[in-house]
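Asker: Since chain A is already given, all that's left is putting chain B with the ligand on it; use the hints.
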Amino acid sequence: MGVEGIGARVVRKEDKRFITGKGRYVDDIKLVGMTHAHFVRSPHAHAKVKKIDSSAALDMPGVVAVLTGQQLVDDKVGNLICGWAITSKDGSPMKMGAWPAMAPETVRFVGQAVAVVIADSKNLARDAAEAVVVDYEELPAVADVHAAIKSGAPQLHPEAPGNQVYDWVIGDEGATDAAFAKAANVVKLDVTNNRLAPNAMEPRAAIADYDAAEEHFTLYTTSQNPHVARLVLSAFYNIAPEHKLRVIAPDVGGGFGSKIFIYPEEMVALWASKKVGRPVKWTGDRTEAFLTDAHGRDHVTHAEMAFDANNKITGLKVKTYANFGAYMSLFSSSVPTYLYATLLSGQYNIPAIHAEVVGVYTNTTPVDAYRGAGRPEASYLIERLMETAARQLKVDPAQLRRTNFITQFPHQTPVIMAYDTGDFNASLDAAMKAIDYAGFPARKAQAKAQGKLRGLGVSCYIEACGIAPSKAVGSLGAGVGLWESAEVRVNPVGTIEILTGSHSHGQGHETTFCQLVADRLGIPISQVSIVHGDTDKVQFGMGTYGSRSAAVGLTAILKAMEKMEAKAKKIAAHALEASEADIVIENGEFKVTGTDKAIALPMVALAAYTAHNLPEGMEPGLKESAFYDPTNFTFPAGAYICELEVDPGTGKTSFVNFVAADDFGRLINPMIVEGQVHGGLVQGIGQALLEHAIYDANGQPVTASFMDYAMPRAEDVPSFNLSHTTTLCPGNPLGIKGCGEAGAIGASAAVINAITDAIGKNNLEMPATPDRVWRTIHAA
Amino acid sequence: MYKTTYHRASSVDEAISLFGKSSEAKFLAGGQTLLPVMKQRLASPSDVIDLGKIKELQGVELSGDVLTIKAATTYYDIMTNADVKKVIPAIAHLTSVLGDPAVRYRGTIGGSIANNDPAADFPAALVALAATVKTNKRSISADDFFKGLFTTALEDGEIITAVSFPIPAKAGYEKMRHPASRFALTGVFVAQAKSGEVRVAATGASQSGVMRVGAIEAALKANWSPSAIDGVSISANGLLADIHGTAEYRANLVKVMAQRAVAAAG
Ligand SMILES: Cc1cc2nc3c(=O)[nH]c(=O)nc-3n(C[C@H](O)[C@H](O)[C@H](O)COP(=O)(O)OP(=O)(O)OC[C@H]3O[C@@H](n4cnc5c(N)ncnc54)[C@H](O)[C@@H]3O)c2cc1C
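Listed in order, the protein sequences are those of chains A and B. Numbers 1 to 780, taken from my numbering, label the letters of the first sequence in order. Numbers 1 to 266, taken from my numbering, label the letters of the second sequence in order.
A portion of the hints provided could be inaccurate.
[Said to hold, decoys possible] With a cut-off of at most 30 Å between alpha-carbon atoms, the simulated DSSO-like pairs for lysine-lysine come out as follows:
#1 B/Lys-26 / A/Lys-122
#2 B/Lys-170 / A/Lys-652
#3 B/Lys-85 / A/Lys-652
#4 A/Lys-122 / B/Lys-39
#5 A/Lys-122 / B/Lys-3
#6 B/Lys-55 / B/Lys-137
#7 B/Lys-39 / A/Lys-30
#8 A/Lys-591 / A/Lys-567
#9 A/Lys-623 / A/Lys-16
#10 B/Lys-3 / A/Lys-30
#11 A/Lys-652 / A/Lys-761
#12 A/Lys-13 / A/Lys-30
#13 A/Lys-51 / B/Lys-39
#14 A/Lys-319 / A/Lys-89
Worth flagging that the hints you see were computed from the coordinates, not collected in a lab. Predicted model, so just to flag it, every value in this text is computed and none were measured.
Looking at chain A on its own, in the form it has when it is part of the complex (with noise of 0.2 Å):
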């Protein structure tokens, strides 16, 4: 593997610039001529918008325009779109309200822009923007969904009517019934996913350049896929052909899947920017991403299981809405449906199952992909089923779960995944070991003389990463490709740079992606840099989420490093008189094997471009592309336990010890997977413990700052004791699975378990903050 191959343990190339604070960010950008634009944004949930007075505010110094969702009307601009079709069960299509940019008649979230001002300066559009009077009529709004999906309640888009998006369903019904009559025992629970506030450290920005010249724009943008962004903005917003728009994502400040959507902001600035004749400038303030950025989870669930007399399990029944907020966001249809339902059967065989989930409305920020997307609700509701049956059939959690893991595969679950490879045992083994299972009722009691609750919690998740195979997925209603593409250009001296498609936001690409360039060619990571986040300069390129860069991205870059290597292994060939056959690559030379003939790569890459003296009829030059589609989603899993105490006075929660038994298949460079996996328990521990994008009854946002929102903090979580047990994924010659979101997945459920064990009550909603969690231990 060599000191920086795959493997290794290397520092990360990237924070030289990142903890110096050299980042280069979209706020970082400064154009000459540049704008500042400032959005008025609506204060209610639910309005007509009669009519809008810009005058006094285009009189304010500084202003340069104040444009207008009806602007965009007549100028023709498409509204948002949904990349992903769902069916409902009835065989109808979803139904979708429009989603403008800026709201011509109608507003349906705090927050939602009706109107923007472009000014000289951050400020004066600012304070322009206090001087647009709108006039609303307000409507009744409504916020859960529950209510949403009552008769009488207020109606958010005459195209969905009871504000009902979709009724779908996968599985088989009957055979599920079927199981369900014959049970000896049925587990019921209802679990709420609650609704969560993604908080990227940088907030949202763009800055749109029109040359008027050139008819061409480009857009600096805090995106995780610039090349999406292009192709959904030009092929359906009618704002410029592709050729003549370029997508720029420099360094980005986090997304956790909140930057994959499109949102109206980076559209108004490129209209605008073309309307003003300037470049137009907007950066996000925390309150606005709060209110604009696509929130995650916030799902109710009713779900059963079915036991026969060995506890196996013989089927599951789940019902799900989902809540998508005001409107339909970009990836926002697939995420209770194909991203979560598909996942249901967890690490266990389950011969039957169905679920149903409804889709609705309500008047709140819209809803999509947030790190885990959809199986973070799959893997919490299953393993709280899981724990809750343990404690039913009164049999040991960790046993029940070993009674019904899947053992042999390839597994078809019921639900169209096909798990292709993983060891549920030995990540459970693992785990148990690492926190002395054995062990626990004796620190339990000791704990109780103590005057503390202790509990422990198991967790054992199941995810689909890499996504994903483009012909699976657009049967299933995507309207892209998933798969990745990448260039490796070897310069005439010999350094090399790789061009991918996938993003970096804090994955730390620039390092893990050099480690298999070094690992295939023996040279240091510091010849090779990676280019990404321009669509001037990268081919085309699908983006980064789904923990997909290691699996798709990375394989696409080998299958580029192969070609490339092949002709290379030619010119040395014909420089050192030798078959191609016995070229191998080593330190960075290529070998004649069995002798000491060798040619230095920079001779190689100097003979490919002076091409004095190349094989018969080759082209010169030494760089090749490739685009890599996925046979397979992959399967990381694991077994996460949590152990903690909870204080009865207080009901708050400390840890006591939490350890993550992963099967990531190959890891790169352990180092980062353990950043991605603190990272991703960090917030799954978030979910369970503080966060919760809280409405009141008329769509008012009542955590809408930190000093309401409880992100956690670095005291908030314990040290996390990580461990591996690697099985290879057969789907991609890395035999890569994908880390990215495994923590945030599978951490949840570790830690309301335990809480619940801890107070001998099994429901218990997230956050378990101490008010909840105190009223629960005192509940009669």
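Answerer: Using the frame of chain A, we list chain B with the ligand on its own:
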């Protein structure tokens, strides 16, 4: 932030005279409350008069049975002051659990009590210790100073110069932190004066700001020990309720925090 004019005063007198000359001035101390409010455009003072660099408003003095903390002394300086740690360690502890490091390095005792947030920590210490607030004009007892949510006895343009604390026989402070802001979800300060008087003040609990808890005071007067409070029941009437804590939960915290504060006081 709206346009404003910043002044750095070098003395209390200068600050007062600057205040008199401007239309809508605000004093600035640590800025941990005033600046966020200005950035959110919820306040738009014409002038901001910085008290932070005024020498006479800085520092801690110990004389006889009284500890005096000048108004513009930061939480960090209070927390690390040797005299504070020696004579009223409960105050050093209170500052150590106040906000986060950034807030502690900037925020001041004067700013805290002038603002009188119903969940701020210092008001509980002042009331339980029967402290005296000194201003450029007068002395005000803590009982008379705090007048409900965000309201104090201060007149327009009056500057707090210091707070004097009689040194107690015993004192303790325990706080359940608000999970997001780190203010007090509920905090209780218990003190036994050298005269034997017991005063207990809770913050973060009542809808009308810092409050004395008579039932706990009576129980502790009879028997200064955590178990003395076991039988006390606190009513949830008039207590705050929000997404982080119901009124019943806060009533429970008043009791539990008081017990722990007594244990900490020894
Ligand atoms: C993230 C965060 C967490 C916090 N957590 C806590 C917490 O846990 N506990 C807690 O108690 N507080 C907390 N605070 C509030 C913090 O203590 C504030 O600093 C305090 O309320 C005000 O003090 P300041 O010195 O910053 O005053 P400033 O913000 O400068 O001023 C506040 C007000 O007091 C007035 N003022 C200031 N000094 C004087 C004076 N000498 N005379 C007359 N008027 C004066 C000002 O005019 C202004 O109206 C927190 C704040 C933040 C931002």
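Asker: The structure should be examined with respect to each hint, and the outcome stated for every one.
Answerer: Do the hints match the structure? See the list:
1. B/Lys-26 / A/Lys-122: Cα-Cα ~25 Å, so holds.
2. B/Lys-170 / A/Lys-652: Distance of about 27 Å is within 30 Å: holds.
3. B/Lys-85 / A/Lys-652: 28 Å, holds
4. A/Lys-122 / B/Lys-39: 13 Å, holds
5. A/Lys-122 / B/Lys-3: 13 Å, holds
6. B/Lys-55 / B/Lys-137: 18 Å, holds
7. B/Lys-39 / A/Lys-30: 23 Å, holds
8. A/Lys-591 / A/Lys-567: At roughly 14 Å apart (the allowed maximum being 30 Å), A/Lys-567 and A/Lys-591 satisfy the hint.
9. A/Lys-623 / A/Lys-16: Since the Cα atoms of A/Lys-623 and A/Lys-16 sit roughly 29 Å apart, the hinted pair holds (cutoff 30 Å).
10. B/Lys-3 / A/Lys-30: Holds, at about 23 Å.
11. A/Lys-652 / A/Lys-761: Given that 30 Å is the threshold and the Cα spacing comes to 15 Å, the pair holds.
12. A/Lys-13 / A/Lys-30: Roughly 26 Å between the alpha carbons, so the hint for A/Lys-13 and A/Lys-30 holds.
13. A/Lys-51 / B/Lys-39: 29 Å, holds
14. A/Lys-319 / A/Lys-89: This hinted pair holds, its Cα atoms lying about 13 Å apart.
The structure shown violates none of the earlier numbered hints.
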